[in-house]
Amino acid sequence: MEFSAKQIAEFLNGEVVGNQNVTVNNFSKIEQGEKGTLTFLSNPKYTNFIYSTQADIVLVDKDFTTEQEISATLIKVENAYQALSKLLSLAESIKPTKTGISQKSDIAETAKIGENVFVGAFVTIGENCKIGNNVKIYPNTQIADNVQVKDNSTIYSNVSIYENCVVGERNIIHSGAVIGADGFGFAPDEQGRYNKIPQIGNVVLGNDVEIGANAAIDRATIGSTVIADGVKIDNLVQIAHNVEIGEHTAIAAQTGIAGSTKVGEKCVFAGQVGVAGHLNIAERSIFGAQTGVTSHIKEAGGVYQGSPHMPVGNFRRSSIALKQLPETLQKIYQMERELKLKN
Amino acid sequence: MEFSAKQIAEFLNGEVVGNQNVTVNNFSKIEQGEKGTLTFLSNPKYTNFIYSTQADIVLVDKDFTTEQEISATLIKVENAYQALSKLLSLAESIKPTKTGISQKSDIAETAKIGENVFVGAFVTIGENCKIGNNVKIYPNTQIADNVQVKDNSTIYSNVSIYENCVVGERNIIHSGAVIGADGFGFAPDEQGRYNKIPQIGNVVLGNDVEIGANAAIDRATIGSTVIADGVKIDNLVQIAHNVEIGEHTAIAAQTGIAGSTKVGEKCVFAGQVGVAGHLNIAERSIFGAQTGVTSHIKEAGGVYQGSPHMPVGNFRRSSIALKQLPETLQKIYQMERELKLKN
Amino acid sequence: MEFSAKQIAEFLNGEVVGNQNVTVNNFSKIEQGEKGTLTFLSNPKYTNFIYSTQADIVLVDKDFTTEQEISATLIKVENAYQALSKLLSLAESIKPTKTGISQKSDIAETAKIGENVFVGAFVTIGENCKIGNNVKIYPNTQIADNVQVKDNSTIYSNVSIYENCVVGERNIIHSGAVIGADGFGFAPDEQGRYNKIPQIGNVVLGNDVEIGANAAIDRATIGSTVIADGVKIDNLVQIAHNVEIGEHTAIAAQTGIAGSTKVGEKCVFAGQVGVAGHLNIAERSIFGAQTGVTSHIKEAGGVYQGSPHMPVGNFRRSSIALKQLPETLQKIYQMERELKLKN
Chain X
1238 MEFSAKQIAE FLNGEVVGNQ NVTVNNFSKI EQGEKGTLTF LSNPKYTNFI YSTQADIVLV
1298 DKDFTTEQEI SATLIKVENA YQALSKLLSL AESIKPTKTG ISQKSDIAET AKIGENVFVG
1358 AFVTIGENCK IGNNVKIYPN TQIADNVQVK DNSTIYSNVS IYENCVVGER NIIHSGAVIG
1418 ADGFGFAPDE QGRYNKIPQI GNVVLGNDVE IGANAAIDRA TIGSTVIADG VKIDNLVQIA
1478 HNVEIGEHTA IAAQTGIAGS TKVGEKCVFA GQVGVAGHLN IAERSIFGAQ TGVTSHIKEA
1538 GGVYQGSPHM PVGNFRRSSI ALKQLPETLQ KIYQMERELK LKN
Chain A
1238 MEFSAKQIAE FLNGEVVGNQ NVTVNNFSKI EQGEKGTLTF LSNPKYTNFI YSTQADIVLV
1298 DKDFTTEQEI SATLIKVENA YQALSKLLSL AESIKPTKTG ISQKSDIAET AKIGENVFVG
1358 AFVTIGENCK IGNNVKIYPN TQIADNVQVK DNSTIYSNVS IYENCVVGER NIIHSGAVIG
1418 ADGFGFAPDE QGRYNKIPQI GNVVLGNDVE IGANAAIDRA TIGSTVIADG VKIDNLVQIA
1478 HNVEIGEHTA IAAQTGIAGS TKVGEKCVFA GQVGVAGHLN IAERSIFGAQ TGVTSHIKEA
1538 GGVYQGSPHM PVGNFRRSSI ALKQLPETLQ KIYQMERELK LKN
Chain R
1238 MEFSAKQIAE FLNGEVVGNQ NVTVNNFSKI EQGEKGTLTF LSNPKYTNFI YSTQADIVLV
1298 DKDFTTEQEI SATLIKVENA YQALSKLLSL AESIKPTKTG ISQKSDIAET AKIGENVFVG
1358 AFVTIGENCK IGNNVKIYPN TQIADNVQVK DNSTIYSNVS IYENCVVGER NIIHSGAVIG
1418 ADGFGFAPDE QGRYNKIPQI GNVVLGNDVE IGANAAIDRA TIGSTVIADG VKIDNLVQIA
1478 HNVEIGEHTA IAAQTGIAGS TKVGEKCVFA GQVGVAGHLN IAERSIFGAQ TGVTSHIKEA
1538 GGVYQGSPHM PVGNFRRSSI ALKQLPETLQ KIYQMERELK LKN
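Chains as they are written, first to last, in this note's numbering: chain X, 1238 to 1580; chain A, 1238 to 1580; chain R, 1238 to 1580.
Rather than coming from a laboratory, the hints here were simulated on the basis of the structure. Computed from a predicted structure; not experimentally measured. Keep in mind that a hint or two might mislead.
What the hints assert, rightly or not - In the DSSO-like style, the derived pairs of lysine-lysine whose C-alpha atoms are separated by at most 30 Å in a straight line are: (1) K1373/X / K1335/A; (2) K1387/A / K1332/R; (3) K1560/X / K1577/X; (4) K1335/A / K1373/A; (5) K1332/X / K1367/R; (6) K1387/X / K1335/A; (7) K1579/A / K1579/R; (8) K1341/X / K1313/X; (9) K1349/A / K1373/R; (10) K1332/X / K1433/R; (11) K1332/X / K1313/X.
Isolated chain X (complex conformation) (with noise of 0.2 Å):
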């Protein structure tokens, strides 16, 4: 399908600038435009391929301004970025999508099974599991026993989740994802030698939920491991048993998370960041990549980085300090010569 400028523009109550009847039927990445394709503008990081690009249409904030001319139309918007989302989001939903329980699947005779629901090929549903409407399991799924998954929720290929989990609404769970697992829980006894702690809990995902490739979220010991509505969880993370992540939380790829943290709402985590065990993390902080976070935090909406954390203001001083003491190693020796020649 094609839409011209003109067409988009009013979609996203944007303002043309330029040929407003120019048409596109793709979307491309500014630096590597074609014909026929519109393209956007939100990190100002690439601000100069927006005169090289051959996109014939670009989203820019409102507020853009050309520095030389440019052969591209432009359409304004508010936020480029949310409105490409609004434009990929309208792409998406005319996508055919899929229906129909496969005669290859494996489901319980006591499963409950919603309406519009879709079940590929070797997916496996146990005893007494509930699905809701409209959920999409896709093929090679293990869904255990007395599972619940509500409505609206999409579970790609090779994921495993373990008996008496829950899916919350309108959760999206990517292949090799495993929900449940047993935590990391054992008894040294006097030789050394680990007994297992049976871990007898669930996992409870809210509403919102995204989880990542090959995500790991244990299931708690007693009681639940608990992500909270909105939060979104990205690929390789693991989240160890009990925790609990506050809404609308965001944890970039292989962050780990020890057991029985409690993690506020509307933290963001950066990718390989690890946090400590039996912690509480205020509200709406934030930690760089690769993090320690080893005490708990307790004023909201700080900023961290490091290992172990430090304010980042103190880390990025530190950090240019720490490449250049080797010479001042040198300088303090110096001194010391000085000091002792005074002597």
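Please arrange chains A and R on chain X, whose structure you already have, making use of the hints.
Just chains A and R now, with coordinates in the frame of chain X:
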């Protein structure tokens, strides 16, 4: 089923303090305790909750003394966490378990299957496999040719075990784990292109090993990657080719151990530790979270942290000094000025 | 099959030192060598074992000279590790390989399957897929709609490949890898809630790519995440949306590369490296384990370590200085006292 404080105390060889006739039928966490449940106090950080918990029974260490009035009945035991574990194990042991071989599995005719085995739907078991007695294999797991799984082991869903690997007795392998993929071995040619070194060895897991969700243990180039008896490996851990892990070592989530490293017995790795290749790590070494181990550890029983690793006391002092380094630099500049002024 | 030292030396174009008639039928590690096997010496750390190994034949580099009496027969070659690789490849090439299409797979009628293809049980292949000649797809792998897998590629079990992705020729994709899950892209609204940015691009893998177990390579938001020819990616690696990895780059386990970063050719990433998003990394850059790359790398061929990254020599000196920092602080306090005394 309901049990009274008196019955539980007898089972645990403990002492009741309070109403010995109060009954419970479930477990709860001390901070969320509900009527009719049993909880425990082991970590002193949670001591305050014992005075407010709604749980009817609390397991405590025998040296615990109350500092306020308390409504719950206490059961004093040698070790509250171990006693809890014993009760949880009892609860697990009375749950029904999976049995039978699914008609929807795919088992090679040359595979030998023991007695009382569970094989879920869409499991594949390859040629010449030997599956011991009481083994449980959950749906969608693939066991390739010539794999041996010894008695009483449990393999959860979506696990992949490559050919020729050996799984010991009483192992627990969680969903998504991959046992025996090729090691990362390449020989670069003159142009810097990589030629694959075939990886013809295997992985041998000892008895009482637990492997976490989405962990990866690579096969040896030649010979075996060896995980000894009693080793516990958490989620998303990477064990490279030809590594050997000694008995009763515990490795927390997202740790990675590079090729050919030998780890002694009863070591402990916290989360996100990295260990370089071709190292020997002495027994009972302990590594804090995010440690980067870059050289042999020759003395047994040391505790390390930092990247590169150093003794943990040194790490703590260095970390504090690093945080203060910007101020220290100011001080050095000032001293330098003073010295120059005096010259 | 048995081969004599003479036969092996001829195949490798090497020189026998010792008994040319001794025969072997298997490989072993030098430190565990058994009678009737061939081993190799490449890493000088293992030189001592050559005098005690029970292996009958040892491949050595041609400049190797014995310093003690030695019982094994040596074969001197240009490069012992490459020669071993050649022998291992020979051994692999004579193993029987899997063929045929399992009746228990689920292949869409619109999919085109090449010649001499292996498709294991419980594999799903979606609509309009193109599977090349000599491709092997192991059990429980899901290949979604419109995926292309080119000739001679091997995809192990429990892999998930999302729709529209492209796998090149002679790829090896290990178990649990996820190719093409959604990138981690969200636009926060005014209340700090995340709206998903649809990820409508794909992943394109070049030729001769190897992807490790449980690795995750996300699809692009728009356009393609690109892994160029000859790239080798280890287990549990995260490649985010819109990343481009240049030819013949090697990425070791648990490394993560954030969104839209472009990595040049022939780079090397050791384990657990993190690279921030939207960066350009010059060709032939080398990053030590646990490096945190926080800015563009503009010069080719540099070697870096540390978090944030610095040149490796700087990192080593800074690390030593950091370890000594507590003592250095004492020295500074003492100098300060001396200066004050003098004033």
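Right, here's what the structure says about each hint:
1. As the CA atoms of K1373/X and K1335/A are separated by approximately 26 Å, the hinted pair is consistent with the 30 Å bound.
2. Restraint check for K1387/A and K1332/R: satisfied, since their Cα atoms lie roughly 26 Å apart, inside the 30 Å limit.
3. As the CA atoms of K1560/X and K1577/X are separated by approximately 28 Å, the hinted pair is consistent with the 30 Å bound.
4. Pair hint K1335/A plus K1373/A holds up; C-alpha atoms about 8 Å apart against a cutoff of 30 Å.
5. Under the criterion of a C-alpha separation no larger than 30 Å, the hint pairing K1332/X with K1367/R is consistent with the structure, at around 21 Å.
6. A C-alpha spacing of about 26 Å is found between K1387/X and K1335/A, which places the hinted pair at or below 30 Å, so the restraint holds.
7. Taking the CA atoms of K1579/A and K1579/R, the gap is about 10 Å. The hint holds against a cut of 30 Å.
8. Between the alpha carbons of K1341/X and K1313/X the distance comes to roughly 50 Å, so the proposed pair goes past 30 Å and is violated.
9. A C-alpha spacing of about 26 Å is found between K1349/A and K1373/R, which places the hinted pair at or below 30 Å, so the restraint holds.
10. Between K1332/X and K1433/R, the direct Cα distance comes to roughly 17 Å. Compliance with the 30 Å bound is thereby established for this hinted pair.
11. Straight-line distance between C-alpha atoms of K1332/X and K1313/X comes to about 27 Å, which keeps the hinted pair within the 30 Å bound.
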